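Protein chains: 2
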Amino acid sequence: MDEKYSVIGKSVPKMDGRVKVTGQAKYTGDLKFPNMLVGKILTSPHAHARILSIDTSEAEKLPGVKAVITHEDVPSLKYGISPARWDENIFCIDKVRYVGDKVAAVAAIDEDTVYKALKLIKVEYEVLPAVFDPIEAMKEGAPQVHDEYPRNLNAEIHQNFGDVEKAFEEAYYVRTDRFVGNRTYQAPIEPHSAISIWEGGKLTVYTSTQSPHYFQYYIAREFGLKMGDVRVIKTFVGGGFGGKLEPTGLEFAGAVLSRITGRPVRMFYDRAEMFAHNRGRHRQFMEITTGVDKDGKILGVHANFVQDGGAYTSLGIATAYYAGAMLTLTYDFKNYKFDMHRVYTNLPACGAQRGHGAPQPRYAFECHLDHVAQHLGIDPLELRLRNARQPNTITPNEFGVNSCELTACIEKAREISGWNEKKGKLPRGRGIGIAVGSFVTGAGYPIYRTDLPHASAIIKVHEDGTAATLYTGATDIGQGSDTILCQMAAEAMGFTYENMKIVSADTETTPHDFGAYASRQTLMSGSAVKQAGEEVKKQVLEMASVMMELDVDDLDCREAVVFSKSNPEITRPFGEIAREFFVKKGPLVGRGVYAPPKLGGKFKGAPVGTSPAYSFAAQISEVEIDEETGEINVKEVWDVHDCGMVINPSLLHGQVHGALFMGMGESVWEEVVFNDKGKILNPNLAEYRMPTALDMPKIVSELVESFEPAGPWGVKEVGEGATIPTMGCYSNAIYDAAGVQVNTLPLSYEKVWRALKEKKEKEGKI
Amino acid sequence: MDEKYSVIGKSVPKMDGRVKVTGQAKYTGDLKFPNMLVGKILTSPHAHARILSIDTSEAEKLPGVKAVITHEDVPSLKYGISPARWDENIFCIDKVRYVGDKVAAVAAIDEDTVYKALKLIKVEYEVLPAVFDPIEAMKEGAPQVHDEYPRNLNAEIHQNFGDVEKAFEEAYYVRTDRFVGNRTYQAPIEPHSAISIWEGGKLTVYTSTQSPHYFQYYIAREFGLKMGDVRVIKTFVGGGFGGKLEPTGLEFAGAVLSRITGRPVRMFYDRAEMFAHNRGRHRQFMEITTGVDKDGKILGVHANFVQDGGAYTSLGIATAYYAGAMLTLTYDFKNYKFDMHRVYTNLPACGAQRGHGAPQPRYAFECHLDHVAQHLGIDPLELRLRNARQPNTITPNEFGVNSCELTACIEKAREISGWNEKKGKLPRGRGIGIAVGSFVTGAGYPIYRTDLPHASAIIKVHEDGTAATLYTGATDIGQGSDTILCQMAAEAMGFTYENMKIVSADTETTPHDFGAYASRQTLMSGSAVKQAGEEVKKQVLEMASVMMELDVDDLDCREAVVFSKSNPEITRPFGEIAREFFVKKGPLVGRGVYAPPKLGGKFKGAPVGTSPAYSFAAQISEVEIDEETGEINVKEVWDVHDCGMVINPSLLHGQVHGALFMGMGESVWEEVVFNDKGKILNPNLAEYRMPTALDMPKIVSELVESFEPAGPWGVKEVGEGATIPTMGCYSNAIYDAAGVQVNTLPLSYEKVWRALKEKKEKEGKI
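As you go down the protein sequences, you meet chains A and B in turn.
Just so you know, the first sequence maps onto residues 1 to 766 in this note's numbering.
Just so you know, the second sequence maps onto residues 1 to 766 in this note's numbering.
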C-alpha cells in the first residue's frame with residue numbers, strides 16, 4: 001500500500017461488523033411496528049394459463065383477514081426495471097405466465113391466517129400450452145408469452161464492428177464451438193422482505209434492497225406519487241448479488257394492502273418463493289466463432305447467443321447487452337460481430353446476477369480459446385498473453401480502456417500457480433486451467449434514462465470536530481461500502497476512520513445515489529464522497545490558515561492533525577479548527593457529486609458507452625478428477641486481480657473469495673431444475689446445491705495494482721469481476737485433467753463421468 | 001395571521017401527530033435490542049447517613065445477575081448540570097444525602113431478577129441527623145449536607161440596582177409581605193428511561209431527554225470520552241418540563257453496566273423513583289417589600305428569597321438567579337434589590353420546572369401588589385397598567401426589552417373577561433383576580449460556559465425537489481418543535497410544509513443545538529433554520545434566474561413555485577429548479593447557525609445578560625369559593641399573551657393550555673409531601689394530585705401580536721410564560737372572592753377553609 005495515504009489502503013474493521021456478529025443488526029424481517037399485519041401473495045400453479053375468474057369471498061370472510069386484493073384493486077400500469085420494456089403487472093390481469101406469477105394477495109393479523117386465506121381464494125384457470133425452451137420459443141407457432149412480442153423476442157441485438165467475414169477469410173484457422181449455460185439463482189441468505197406503511201398519502205417502505213433510489217422511483221411511478229412522498233429505507237441486507245435491485249410484488253402489493261387497511265404490512269418471500277421470483281442468471285445458448293493467425297493472434301470473433309429470459313424482462317435488456325459487450329475487453333482484436341436474442345419463456349424471469357450476463361459468454365470464449373490453442377499447439381496461457389489487452393486502448397465496440405494490467409495479472413498467475421511446472425506435467429487425473437476476465441466499474445447510464453448525477457454525498461463534522469457523519473445514498477448490502485466510503489471520506493478530509501459515522505441508503509435522510517449494482521459504488525459513490533471530503537478539508541485548511549497564521553498552501557491535514565508542509569512540527573488538531581469553524585461560520589459541511597463522463601461509441605441497437613473503467617483478472621485453477629465417479633476436486637485457485645488502487649485489502653479479498661465461491665457453485669453444482677410443467681424441483685438450499693465452506697478450495701488472491709484515472713485515488717471494481725473467469729478456468733482445468741470438455745454448465749460430476757465414459761468407449765477401452 | 005406568509009402562521013398538523021395517536025411512536029422504553037439486560041439502581045432509605053460498608057456478594061451470586069456495581073466501579077468525578085457546581089457522584093462514596101440517593105446498581109436478565117438482586121445488596125449505614133428545612137439548614141450547628149458548603153449555602157446572590165433604601169424613604173407607602181411556595185414535581189407522563197450500549201470504546205445512549213447535547217457533553221466528560229465517541233439519541237419523549245435536561249443515574253450507571261457486561265442495558269425509573277430523582281420546582285420563602293408613590297407608581301422593590309435546593313445543585317444556580325432576575329420584567333421601576341440564598345437540605349434535589357424559578361416569586365409579587373392596590377384604593381388592574389413595562393426599555397437589572405405589549409395584554413384581558421363589570425360587583429363567594437408575567441426567550445449563555453453557537457441547522461433538498469429534509473439538534477419533547485421548525489424551513493425556502501421531512505435530536509446525524517429549555521427553540525433554533533432555508537432559496541433563485549432568463553432580484557419563491565415578482569404569471573416549479581441544481585451542482589444544501597447577541601449588564605454575582613427577548617402575558621381568572629368547605633371552583637381563565645409572531649396558532653394555544661394546567665395544579669393542589677424522615681408520602685399520580693381534564697376551567701387564550709426584532713419573523717417564547725401569572729392570578733381571585741389571602745402554596749381547600757374560619761372567628765361570626 002502507498003504510504004502516502006493514512007486511511008485508505010488499510011484493512012480497517014467493517015463499520016457494521018460488530019452489530020452483525022452480535023446479532024444486533026436488524027434486517028427488515030426483524031422490524032416490528034404496532035398493529036402490523038402480515039401479507040402474502042397468492043401465486044399461479046400453472047406456467048401458462050388464462051385467468052377465468054377469481055373468487056375472494058371465502059377468504060374475505062375468514063376472521064383475522066383484513067384485506068384481499070387482486071388486479072382489480074391495484075393500478076394496471078405495467079412496471080419493470082428495464083426502461084421502456086415494462087411488461088409486469090402488480091397482479092396478472094388476463095393470464096399467468098409462469099409458476100409463481102402473482103395473482104392476488106392477503107393481509108391478515110398473523111401468518112397462520114394469511115396462509116389459510118390464500119387457500120380460500122378460488123381461481124379458475126384455463127391452462128394454455130407453455131414453452132420452456134428459448135430455441136423452441138422463437139419458432140413459428142410456439143405459445144406466445146406476451147402477445148406484444150411476436151416469436152417471444154423480448155430483445156434482439158445485432159452489432160457489427162470491423163469486418164468479421166473478411167477477418168475469417170484471412171485467418172489461418174477459424175473455429176466454431178457451442179456451449180450452453182445454466183439457469184442459476186443468487187439465493188442470498190436473507191429472503192426478500194418489505195414492510196410498507198402508507199399513511200396520510202405518503203408511503204414508507206423498509207426493505208431489503210440494493211437501490212433505495214430505484215425502489216423509490218418505480219414505486220412512486222406505479223402509484224402516481226411524487227418521489228418525495230415515498231420513503232425507501234434499506235435496513236441491513238443479507239446479500240443481493242443482483243436479485244434485489246428491482247422492487248418486487250412485496251413492495252407493490254404491500255403498499256396497496258397498507259393503504260387499504262391503514263396498517264403497516266409486512267411481506268416476505270419464503271425460500272421457495274424466492275426461487276420462483278428469481279431474477280437470477282440467464283441460461284444462454286452460445287455459439288462462438290474465432291479466426292486466428294498462425295501465431296494465435298485473434299483476428300475476428302463472432303458471438304451468436306440466445307438467452308432464456310423467462311416470463312418478464314427484469315434487467316434482461318442490460319443482460320443481453322453485457323453478454324456480448326464485455327467479450328471484447330480482455331483481448332485485442334479489431335473485428336467483432338455480436339448477435340443476441342433474448343427470448344420469453346414460461347419460466348421465472350431472469351435478471352442480473354453477479355457478473356451480469358458476462359460469466360457464461362466468458363466461460364464459452366475461454367473454453368473455445370483453449371481448443372484454438374490446442375489446435376495451434378500453443379500453450380493456452382501463452383495464447384492469452386499474445387492477445388492480452390494493453391492499457392489506453394479502445395475495444396472494437398469502442399470502449400475506452402484506461403488502466404489495464406491484464407498481462408501482469410497473467411504473468412503473476414503463472415508464477416504463483418507454478419503453471420510452467422504443471423501444465424502438461426501433472427499426473428493422470430490432475431489438470432490446470434486458465435481463464436481471464438474483465439468487468440465494468442459502474443454503468444455509464446443508469447437503469448432508467450435520466451440526466452441525474454449518479455452519486456452524491458454530504459459530510460457533516462461534529463461541532464467539536466471529534467466525529468464526522470457521512471450521508472450517502474450508496475447501499476451496503478454486505479459488501480462493505482459503508483466502510484470503504486468512510487475510509488475515503490476520512491482520507492479526503494484528513495480525518496480518522498475511527499471517528500467516522502455514516503447514514504446510508506435512506507431516500508429521506510441521504511442524498512441521491514443509484515445504489516449497489518454494476519460494481520459502481522467504489523468508483524462512483526467514492527468520487528462523490530472524495531469531493532465532499534475535500535470540500536471539508538478545504539474549509540478546515542482555510543480556517544487553520546487564519547488560526548495558525550500560515551499560508552493555506554503550506555497547510556495539509558492528515559489523521560485529524562493539520563500541519564505545516566514546510567515545517568511539519570507546526571501542528572494543530574483538526575478538532576480545534578473544526579470547532580472554531582463552527583463558532584465562526586456554523587455547521588462544517590462538505591458536498592460532493594459524481595456524474596460519469598459521456599462515453600463515446602457508435603452502437604447499433606445498444607446504449608452509447610458503458611463504463612468509465614474496467615477491472616481485469618486472470619484465474620488459474622488446479623483440479624483433480626476421480627475417473628470412476630466424475631467427482632471434481634478443486635485443489636487450489638489463484639486469482640490475480642487488477643482493480644486499481646485498493647481501499648480495503650481485507651474487504652477486497654473477501655469480494656474475490658465470495659465471487660469465486662459463486663463462480664465455483666455455478667461451474668460445478670448449481671442449476672435450477674424444472675419439471676415438464678415448469679415447476680421448480682429444487683427451490684431450497686438442500687437441493688439447490690450451493691458450495692459450502694467445506695467445498696471451497698484453497699484460494700490465493702493476489703493483486704496487480706494499477707492507477708485508474710477515472711476513479712478516485714485510482715480505484716476500480718472488484719465485486720463482480722472475480723466471478724467472470726471462474727467457470728472457464730475450471731472447465732479448462734477439467735479438460736486438462738481428464739481430456740474431456742463438457743460444453744454445458746454446470747460441469748457436474750455426472751456430466752464429467754458420462755464424458756469420460758464416452759471417451760473411453762470411443763477409445764475402445766470399455 | 002399575516003397573509004404575506006404562506007406556511008408560518010398556520011395551524012398545520014403536527015409532524016408526529018399520526019404516529020403518536022396510532023401508537024407507532026416508539027419511546028425509549030419501547031425499544032428492544034438483542035441480548036439487552038435490565039438495570040436498576042439501589043437507592044438510600046435514609047435522608048442522611050454514612051455508608052459503612054456495601055456487600056454485593058449475595059447479589060452477585062443470584063443466577064441471572066450479570067453485574068453489580070458501586071462507587072468503586074465507576075469514576076469518582078463529580079458531575080452536575082450547573083457549571084462549576086458539580087456535587088453529585090454516580091454512586092455515593094462517603095454518605096447518602098436524601099432518601100433516594102444512589103448507592104449501587106444491578107444489571108440482570110430480567111426485571112424479576114434485578115429486583116431480587118437489589119434486595120440482596122447489604123448496605124450498612126450510620127444514620128446521621130438530617131435537615132429538611134432551608135431556614136433551619138442555614139443555622140449554625142445544623143447538619144451539614146456537603147462539607148464543602150458551610151451553613152449549607154449552595155448559592156448566594158446579592159444584587160443592588162439603583163438605590164432601594166432611598167426609594168423607600170421617598171415612597172408614599174412601603175409594604176412588606178411574606179409568602180411560602182410549595183415543592184412540586186413535573187411528573188411527565190413518560191418515566192425517565194435510558195438504554196446504554198457501550199461497545200468498541202464508544203457509547204450510544206437512547207434516552208428520554210430535553211437536550212441530547214448536554215447529555216453527550218456531560219456523559220463524555222464523566223467517562224473521559226471524546227464527544228464524538230458518545231452518541232445520544234432522543235427517541236419520542238413524553239414530556240420533560242425541565243426535569244429531563246440533565247443526565248441521571250440511568251445514563252451514568254447504565255453506561256458502566258453496559259461496558260462491564262458488553263450488552264445493551266435498559267434502565268428506567270418507576271413513578272416513585274421519578275419523584276425521588278425529582279429536579280422539580282424549588283420551594284421558596286419569599287419576602288417582598290415595595291415602595292410606591294400616591295398613585296401606585298412603583299419606586300423600589302426589595303426581594304429577599306430563600307430556596308430549598310434539596311441535596312444537590314442540579315439546575316439550581318440558574319433557578320436562584322431567575323427567581324430575582326425576572327421580577328423586574330413586567331413593571332417599570334428603577335430601584336431593585338435582590339437577595340437569595342439557595343440552601344442544601346436532605347431532600348431530593350430541585351431543578352428547573354416550567355417557568356424555572358419565576359412562578360413562585362411572581363405569585364408573591366402579584367399578591368403583594370394586590371395588597372398595595374387595596375391599601376391605595378386603586379383597582380389592581382389599573383395599578384398594573386400604571387406600572388406596565390413599555391417596549392424598548394431597560395430593566396433596572398439591565399435587561400434590554402425590545403417588543404412588549406403588556407399594556408395591550410392587560411387591556412384586552414380586561415375587555416374579554418368583563419373585568420369592569422365584575423371587579424367588586426360579583427356575588428358573595430365569587431371573585432376575580434389579575435396577574436401578569438414575563439419570561440425569557442432562551443438563555444443568553446448556555447448551561448456550561450462555551451463560545452459555541454446555540455443552534456444550527458442543515459437542510460437537504462431531494463434530488464427532484466419533491467421533498468426536503470431538515471436536520472436539527474432541536475428537541476421535540478411533545479411541544480411541537482419539529483413541526484414549527486419545518487414550517488419555518490418551508491417558509492424560508494419558499495417550499496411547502498407537507499413535503500418537509502425532519503431528522504432531529506440525534507448527536508450523530510444532526511448539527512448542534514442546545515435543546516429544549518428556557519423556551520429557546522422557536523427563536524434560537526428557528527433562527528438557524530430560517531438561515532438554512534434562506535440559503536436554499538438563494539441557490540434556487542440563482543439557478544432559476546439562469547433557467548428563466550430573469551434577473552435574480554425579480555424572482556421569489558413561495559409554496560414551491562418560483563415566480564417573477566414583476567410578472568407573477570411567469571412561474572417555474574421549485575422541483576424543476578432543484579433538480580437542475582442537482583444535475584449541475586450536486587446536493588442542494590442550506591446551512592444556518594445562531595448565536596445570541598452579547599447582552600450587556602453589570603451584575604454582581606450573576607451571569608452577564610440573560611435573553612434576547614421576553615414574552616409578556618396578563619391573566620385574569622374568576623373563581624367561586626364554597627365557604628363551607630373551602631373548595632375552589634375556577635370558573636374561567638382569560639390569558640392574553642404577547643409572544644411575538646405566531647408560527648402555529650394551534651400549538652401556541654396548546655402551550656398556553658398546558659402551562660395554565662401546570663400553573664393551576666401548582667396553585668391549588670400539587671405538593672410533594674414528606675414524613676419527618678425525609679421520605680416522600682405521595683410519590684404517585686393518585687396522591688400527588690395533578691389536575692385532570694375535568695378539573696380544567698374554561699380557558700380563553702388570546703393574543704396580542706408583536707414583532708420581536710431579535711427573533712426570526714418576530715417570534716418569541718410561549719411554552720413557559722403562561723405558567724408564570726397563574727398562581728398569583730388565582731390567589732388574587734380567591735382573595736377577591738373570600739376576602740382571605742392564603743400566603744402559602746398550594747392554595748388548598750383546607751387552607752382556604754381554615755383562613756375563612758379564622759376570618760369568621762376574628763369577625764366574631766363563629
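Treat the hints loosely; a few may be bogus.
Since the list gives no way to pick out one identical chain from another, each pair is judged satisfied if it fits inside one copy or across any two copies.
20 Å max Cα-Cα, derived EDC-like pairs, lysine to aspartate or glutamate [stated by the list, open to error]:
{"#": "1", "residue 1": "Lys635", "residue 2": "Glu170"}
{"#": "2", "residue 1": "Lys20", "residue 2": "Glu148"}
{"#": "3", "residue 1": "Lys202", "residue 2": "Asp73"}
{"#": "4", "residue 1": "Lys501", "residue 2": "Asp163"}
{"#": "5", "residue 1": "Lys538", "residue 2": "Glu126"}
{"#": "6", "residue 1": "Lys294", "residue 2": "Asp16"}
{"#": "7", "residue 1": "Lys61", "residue 2": "Glu111"}
{"#": "8", "residue 1": "Lys757", "residue 2": "Glu156"}
{"#": "9", "residue 1": "Lys635", "residue 2": "Glu140"}
{"#": "10", "residue 1": "Lys585", "residue 2": "Glu534"}
{"#": "11", "residue 1": "Lys26", "residue 2": "Glu542"}
{"#": "12", "residue 1": "Lys78", "residue 2": "Glu111"}
{"#": "13", "residue 1": "Lys759", "residue 2": "Glu498"}
{"#": "14", "residue 1": "Lys422", "residue 2": "Asp379"}
{"#": "15", "residue 1": "Lys119", "residue 2": "Glu199"}
{"#": "16", "residue 1": "Lys4", "residue 2": "Glu576"}
{"#": "17", "residue 1": "Lys334", "residue 2": "Asp112"}
{"#": "18", "residue 1": "Lys297", "residue 2": "Glu111"}
{"#": "19", "residue 1": "Lys501", "residue 2": "Asp73"}
{"#": "20", "residue 1": "Lys760", "residue 2": "Asp451"}
{"#": "21", "residue 1": "Lys760", "residue 2": "Glu508"}
By construction, these hints were calculated from the structure, which means they are not laboratory data.
The model shown is predicted, which means the values in this text are computed figures rather than measured ones.
Here's how the hints hold up against the structure:
1. Lys635 - Glu170: neither (41 Å within a copy, 108 Å between copies)
2. Lys20 - Glu148: neither (47 Å within a copy, 49 Å between copies)
3. Lys202 - Asp73: Cα proximity of Lys202 and Asp73: one copy only (18 Å, versus 50 Å across).
4. Lys501 - Asp163: neither (54 Å within a copy, 58 Å between copies)
5. Lys538 - Glu126: Classified as neither; 69 Å inside a copy, 62 Å across copies.
6. Lys294 - Asp16: neither (55 Å within a copy, 76 Å between copies)
7. Lys61 - Glu111: Answer is within: at 16 Å inside a copy they meet the 20 Å cutoff, but 42 Å across does not.
8. Lys757 - Glu156: Classified as neither; 39 Å inside a copy, 102 Å across copies.
9. Lys635 - Glu140: Neither: 48 Å inside a chain and 90 Å across chains, both beyond 20 Å.
10. Lys585 - Glu534: both (18 Å within a copy, 15 Å between copies)
11. Lys26 - Glu542: neither (41 Å within a copy, 43 Å between copies)
12. Lys78 - Glu111: neither (29 Å within a copy, 53 Å between copies)
13. Lys759 - Glu498: So Lys759 and Glu498 fail the 20 Å test inside a copy (60 Å) and across (73 Å) alike.
14. Lys422 - Asp379: Within one copy only: 12 Å inside a chain, 112 Å across chains, cut-off 20 Å.
15. Lys119 - Glu199: Classified as neither: same-chain Cα gap 29 Å, cross-chain 48 Å, threshold 20 Å.
16. Lys4 - Glu576: Neither way: Lys4 and Glu576 sit 24 Å apart in one copy and 43 Å across, limit 20 Å.
17. Lys334 - Asp112: neither (62 Å within a copy, 78 Å between copies)
18. Lys297 - Glu111: Neither. Shortest intra-copy (62 Å) and inter-copy (77 Å) distances fail the 20 Å Cα cut-off.
19. Lys501 - Asp73: neither (43 Å within a copy, 30 Å between copies)
20. Lys760 - Asp451: Intra 60 Å, inter 88 Å, cutoff 20 Å: neither.
21. Lys760 - Glu508: neither (65 Å within a copy, 69 Å between copies)
Checked against the numbered hints given earlier, the structure breaks hints 1, 2, 4, 5, 6, 8, 9, 11, 12, 13, 15, 16, 17, 18, 19, 20 and 21 and satisfies all the rest.
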